[in-house]
Amino acid sequence: MKRKRIIRRILVYMLMIFLAFIFLFPLIWMIASSMKEDVQIFRDMGSLQAFLPPMPGEIEGGYFENYRIAFERADLFRYIVNSLIYTSGIIIFGLIVNSMAGYALARFRIPFAGFWLGVIIATLIIPPESIFLPLYVLVFNLGWVNTYTGLIVPFIANAFAIFLFRQFFLDFPKELEEAAKIDGCSQVGIFFRIIVPLSKPVFATVAIVLFINHWNDFLWPLVVASDESIRTIQIGLQYFMNQEPVEWGPMMAALTVATIPMLLVFVFLQRYYVQGLTHTGSKN
Amino acid sequence: MNKKWKMTLPTLALLTAVACGGEEATETENGEVDENGEETNEETNEGTSDDVETGEADTEVQATGDEDVVLDFWIHQTGEDETNFYIERIDAFNDAHEDIHVDTEIIIDDGASAYSDSINAALVAGELPDVMAIDGPYTASFADADVIQSIDEYISDEDREDFVDSIIQQGTYDGSLYTLGAMEGSVSLFYNKDIFEEEGIDVPTSVDEAWDWDEFKDVAEQLTTDERYGLNKFWNYGIGEYMTFSGAPFVWSNGGALIAEDGSTADGYLNGPEAVEAFEYIQSLFDAGVVSNSPGEMQFEEGNAAMALGGPWIAISAEDADLNWGMMPYPVKDEPVSPSGSMAYGMTTNSEHPEEAYELMAWMTNAESTEGLAEVTGMPPARESAFENMERFEELPWSVMKEQVTETARARPATPAYPVLTDAFAEIYNAASLDQDLQQVADQQVERVERELQRFAD
Amino acid sequence: MSQKKRVFSKTKEAREAATGYIFLAPALILLSIFLLYPMGVMFYYSFTDFYILTPDDRSFIGLDNFRGIIDDAQFRQAFWNTVYFTVIVVPVQMAVALGLALLVNKKLKGRTFFRTAYFSPVVMSLVVVSILWTFMYNPSEGLINELLSIVGIPEQPFLTSPDQAMNSIIAMSVWQGAGFQMMIFLAGLQNIPDHLYEAADIDGASTWQKFLHVTIPGLRNISLFIFITITIAAFKLLVQPMIMTQGGPLGSTKSLVYHIYEVGFNYRDVGYASAMAVVFTVIVLIVAIIQRKLASEERG
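Chains as they are written, first to last, in my numbering: chain V, 942 to 1225; chain L, 40 to 497; chain X, 330 to 629.
Hints may contain errors.
Straight-line distance between alpha carbons at most 35 Å, and here's what the computed DSBU-like set of lysine-lysine pairs gives [said to hold, decoys possible]:
hint : chain 1 : residue 1 : chain 2 : residue 2
1    : V       : LYS945    : X       : LYS622
2    : V       : LYS1122   : V       : LYS1141
3    : V       : LYS1141   : X       : LYS622
4    : X       : LYS436    : X       : LYS539
5    : X       : LYS341    : V       : LYS1122
The hints are simulated quantities; they were obtained by calculation from the structure and are not laboratory data.
Make a model of the complete structure from these sequences and hints.
Okay, structure coming up:
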C-alpha cells in the first residue's frame, strides 16, 4: 500500500517536472541565447547547451554584449519607461474610476442600476480593434495624438474592472458599513475610509488584470504613439524583428529586457493577486 | 460634511486632471502635442546608435521666422546613414532657400504597416504634410484619390529625360507624373564565386547574356548538394511586398501581366496562362529541392546556398562575411525584365505652396541627392547621369545592376487597387512553395482583386 | 412620526441616488465618449463607402457593405479560422489549466516552484511570446525542430504550412495562457470547503468520485467565468497571426479581427471594414447570450 503511494508520488513528480520543462524551456532558451553570439545559438540548438549560458570566456564581448547592442540599436529603456507610464496611468486612474463605479452598482440604490450594469457588461464584448479608426479621429480632434493623455484616457474606464469590483463589493459584509453609518460616516466616507482599505485583494487583482492587458497593447500605441519619444516597448520590439537580417542574439536580449518589468510586478503582487482571485472567482 | 470633502477633493482633482488633460498640453509648431509642452524629440540622431528616432527631425538650420513659406515634409524611418543623409540634404535646402523653411518629420516604419497607418491617420484627420515619402507602387492609390498632385507642369523636359524609365513609369498614373524617387531598387542573381569556380560554371556578365529559366534551373540543380541549396530566394522575408517586388518579373518575362493594361481587371492576367506558368516555374524550383522556403538568415553568406536572388543589400552582408561573391542578371524567359521601385516623393493636394513643394521634391531627387544616396545606401540611383558619374557602376559586378536599371527594369502596375493586388500576388507566389494547385489559388486571389477593383470602377 | 420618517427616507433615497450617480459618472462618461460614441460612428460608417484616401467624399450606400460580406470568400475564411481557433483553444486551454491547477493544488514539496513555472509564460507579453515562438517554429533553424529531431521526429514546417500554421498558433496560445486560468482554478479549488471532501471520505468515495461530485460542482461558477472570458478573448485573435504569419500561408491564419484591420487600415476601406466589425460584434454578442442562456438553464 505504502509502496504504491510512493510510486504514484514519483510519477506525479515526473509529470510535473516534464510539464515544468514544457512551460519553461522557451523562457530559459531566450535568456540563455541572449548571452550568446548567433553562431553559438545555432550550434547549441541541438543539445542541452541551448538552455545553458555560455561558458565564461567563451564569448568575446562578455555576457552582456547582446544587451549592449540591443540598447544601442533601440532606446529600449525609454520604450519601457513609456510602457510603464502608459500602463500605470491606466491602472491608477482605472482603479479610482472603476472601483467607484463598481461600488455604486453594488451598494447604492439608484434608478436604472440594472440598465447601466447591462450597458457596461455589453461593452465588454466590443472588440477595441474594431473601433480604432473612429477613436483615432476623436483623439486627434482632442489634440491628443502622440501624448500620454491620448494613450491613457480612452482606456481608463474598463467594464471588466467595474464588474470585478462590483462582485467583490457585493460580498462585502454589510454590517461594517451599517456600523460606520451609525458612527455618522457618509457613504462617500464609508467607501474611501472603510471599503477601500479593506479591499486590497480586489484592487491588486484589477491592477494586475489591467497591467497584463495594457502592457501587451499593440494596435492602439502603434497608431496613436507613432513618435519615438512615447513609443511603447511592444512596438519597439516589432521594429527590431523587421530589420533584415535579423540578429538573434540582440533580439533575444531585447525580448528578455521587455519581460523583466512584468516579471517584477508578478513577484511583488502575486500574493494579493491570488487572494483577489479567490474572492472574485468564487462568486459569480 | 467637512470630512467628506477632505477625502473626495484629491479624487476630484485627479478626475478633472484627466478630463482636462488636453488643456495642460501645449501645442508645438506642427500641431503635435506634448504633455509637458517640451520639444518632443530633443535627442534626434545623437550619438552613434544605429537606430533612427522618429518624430520631428532635429535639422541644423533653424527657421528664422523670416521665411515666407514653411513646408511640412514626412520621411519614413530607415537606416541611420540613409536618414542622416536626408537630413543633410534638407539642411542644405534650407540653407539655399532663404524664403522657404522645411519642417521634417520622421515617421515610424517598422517594415510592416506602421508608416501607412500614420499616413491613414493623417488623411482622416486632414493633416497631411506638403511633401511626403510614398512607396513607389502606391502612387496610383494616392493619385487616383487626389491626395497627391501631378507634377507635369513643374518638371523640366531634361529632368524628365534624366530619370531612368522605370522611375518615371512608377510615378505615372493615368498619363500624368505624380511621384519622383531618388533611389531605384533592383534584384539580381548573386553567386558564390568559389563554388562556381569549383564547379566550372560560366556566368553571364551582361543582361544580353542573362540565363533563361531552363539554364537557371539546371545550374541551381547542379549546385544543390546534401549540405547546400542551389538558390536562396529569401522566402523568410514573409508574404508581403517583397514577393511582388522581386517576383513579378517572372510573370512579365513570360509575356504575362498582373492586371490589364487599362487596370480594369485582373481576371485572365494574374490567373492567365502566362502568369500561372511563371508561378509553376517557381513551384518547380521548390519541387526540385533547389530552394528552401525557410532559408536561414545568412544562408547565402555562410555558403549554404550557391546563389541568391536578392537586392543590393546582399552585397553588403556578403562583404561583411568575407564571401567571394559575384553578380549576374535576373533570369529571363522571353522578354528581359527586372524588378524596380523604391520610396518616392509626392506632393499633396493639401499643399498651399505647390511651387515650393515641387522645389523640395526636385531638390531631394536632383543629381547630387541621387548620387549621394546611392553612395550611402548602396542602392542604384534613379538618374542616368548619376550612373555616368559613379565609377562603381562602370565595371563588374555593379555594371550588371546598372544595365538592369537602365535597360530592363519594369515598374509594378499602377492601379489604385494595388494594396490588394500585391497581397494577392504574394499569396500565389508563396503558394508555389506549398504544393498547391496554383491555377486554383490564382483564381481565388483574382476574385479578391476583382472585388476591390469594383470600388474604383466608376 | 411615520409620516416624518417617510419624508426623511425619501430625501435620503434621493441623496443616495445622487451620490451613486456621482460615483458612477466618471466611468459612464468615459465609456460613452471613448467606447459607445466610436461604436456609433463605426455603425454609421458601415452604411457608407468611406475610403480613407477620400475621407470627405463619403456617401451613404445603404446595405451594400453588408451585402458584400455575404459573398466575400476572405471574410468567410477568416470567420471559420476564428471559429476553429476558438473551438479548439477554449476546451483545450481550460482542460490544461484545470489539470495544472489540480497538480499544483496537491500538498507536495516544491509546489510553489511548479506553480510559478506553469505561470511563467503569462508574464511574457503576447508580443514577446509571438516573436520568440516564430524563431522556435523556424523549420530549418528553429529550436523545436532541433528538439524533435533528438526524439527522431522529422522536420515540421509549422508556420509555413497551411495545414499546420493555425494549430501551431493554437499550441502557443494555450501554452501562453493556461497558467493564467490555472491560478483562477487554483483559487477556486482552495475555496471548496474541506468538510465536503471529509464527508465524501466517510461515504467511502474514490478519488475519481470525489473529483466528479465535489470538485467539479465546486468549480461550476469559476469554470463558467473562465469559459466566457477565454471565449471572448479567443474571438479577438489578432497579435499572434499579425506577428507570426501575416495571416498566411494561404490565409490559413487570418482571423476576423485581423481581416478587419487589414481591410480598414491597409486597403483603407473603412466603410466595409466597419460593416464587418458590426457583424463581428453581433456574432460575439450572440455567442455571449447563448453562453449566458446555457449557464442559467443549467443553474435552474
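Right, here's what the structure says about each hint:
The hinted pair formed by LYS945(V) and LYS622(X) fails the criterion: a straight-line CA distance of about 46 Å is larger than 35 Å. Using a Cα cut-off of 35 Å, the hinted pair LYS1122(V) and LYS1141(V) holds, with the two alpha carbons roughly 22 Å apart. The hinted pair formed by LYS1141(V) and LYS622(X) meets the criterion: a straight-line CA distance of about 33 Å does not exceed 35 Å. Annotation: proposed proximity of LYS436(X) to LYS539(X) holds, straight-line Cα distance about 17 Å (limit 35 Å).
About 13 Å separates the Cα atoms of LYS341(X) and LYS1122(V), which keeps this hinted pair within 35 Å; it holds.
When the structure is compared with the earlier hints, a violation turns up for hint 1 alone.
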